[in-house]
Amino acid sequence: MINPSAHGWIDKFFSEQKFSEAIPFETADSFYYKVRETGFIYGHIIAIDSQIPIPIKGWFKTEISKVALLNTLYHV
Numbered sequence: 772m773i774n775p776s777a778h779g780w781i782d783k784f785f786s787e788q789k790f791s792e793a794i795p796f797e798t799a800d801s802f803y804y805k806v807r808e809t810g811f812i813y814g815h816i817i818a819i820d821s822q823i824p825i826p827i828k829g830w831f832k833t834e835i836s837k838v839a840l841l842n843t844l845y846h847v
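The sequence shown: position 22 = 793 (our numbering), numbered continuously.
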């Protein structure tokens, strides 16, 4: 489990997620719609789109935002 408040969480995030196996988005529109489904664009994040599910229940909003931002930036 990732703890965005702990030191080294970014390295742990990338080691747990299998980004080398990820399929890139074909168009900017498909990327936009996928990010929109997570609520990230609206500032109310309800899920994190990742190959390996990340349970965010019980996290602080700042922790959810950190992981969602890192995940979204990686997909850009």
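It cannot be assumed that every hint is accurate.
Using 30 Å as the maximum straight-line C-alpha spacing, the simulated DSS-like pairs for lysine-lysine come out as follows [what the hints assert, rightly or not]:
1. K805 <-> K832
2. K789 <-> K837
3. K783 <-> K805
4. K789 <-> K828
5. K837 <-> K783
6. K789 <-> K805
7. K783 <-> K832
8. K828 <-> K783
9. K805 <-> K828
10. K837 <-> K805
11. K832 <-> K789
Listed next, with one range per pair, are the computed distances between beta-carbon atoms [as the list claims (entries may be wrong)]:
12. A777 <-> T798: 17 to 27 Å
13. R807 <-> K832: 33 to 43 Å
14. Q822 <-> D800: 29 to 39 Å
15. A777 <-> D800: 15 to 25 Å
16. A777 <-> A799: 13 to 23 Å
17. Y803 <-> S836: 32 to 42 Å
Simulated from the structure, these hints should not be mistaken for laboratory data. Every value quoted in this text rests on a predicted model; they were computed, and no experiment measured them. For every residue, glycine included, the Cβ atom is placed at its ideal position computed from N, Cα and C.
Here's how the hints hold up against the structure:
1. In summary, the hint linking K805 to K832 is supported, as the alpha carbons are separated by about 20 Å, within the 30 Å threshold.
2. Between K789 and K837 the CA atoms are separated by roughly 19 Å; this keeps the pair inside 30 Å, and the hint holds.
3. For a cut-off of 30 Å, the pair hint linking K783 to K805 stands: about 24 Å separates their Cα positions.
4. Note on K789 and K828: the hinted pairing holds, with a Cα-Cα distance of about 22 Å set against a maximum of 30 Å.
5. At most 30 Å may separate the alpha-carbon atoms for a hinted pair to count; K837 and K783 meet this at roughly 14 Å.
6. At roughly 18 Å between alpha-carbon atoms, K789 and K805 fall within 30 Å of each other, so this suggested pair holds.
7. With a C-alpha separation of about 20 Å, the suggested pair K783 and K832 falls inside the 30 Å cut-off, and the hint holds.
8. This hinted pair checks out: K828 and K783 have alpha carbons roughly 19 Å apart, not beyond 30 Å.
9. Restraint check for K805 and K828: satisfied, since their Cα atoms lie roughly 20 Å apart, inside the 30 Å limit.
10. At most 30 Å may separate the alpha-carbon atoms for a hinted pair to count; K837 and K805 meet this at roughly 18 Å.
11. For the proposed pair K832 and K789, the alpha carbon gap of about 24 Å is at most 30 Å, so the pair holds.
12. Between A777 and T798 the CB atoms are about 36 Å apart, so this pair departs from the stated range of 17 to 27 Å.
13. One distance hint, 33 to 43 Å for the beta-carbon pair R807 and K832, is violated here, with the actual separation near 19 Å.
14. The given range of 29 to 39 Å is broken by Q822 and D800, whose C-beta atoms sit roughly 21 Å from each other.
15. Distance hint check: the CB atoms of A777 and D800 are about 36 Å apart, inconsistent with the given range 15 to 25 Å.
16. A C-beta distance of roughly 34 Å is found between A777 and A799, which places it outside the suggested range of 13 to 23 Å.
17. Between Y803 and S836 the beta carbons are some 19 Å apart, a value that contradicts the proposed interval 32 to 42 Å.
Consistency with the previously given hints fails for numbers 12, 13, 14, 15, 16, 17, ordered from lowest to highest.
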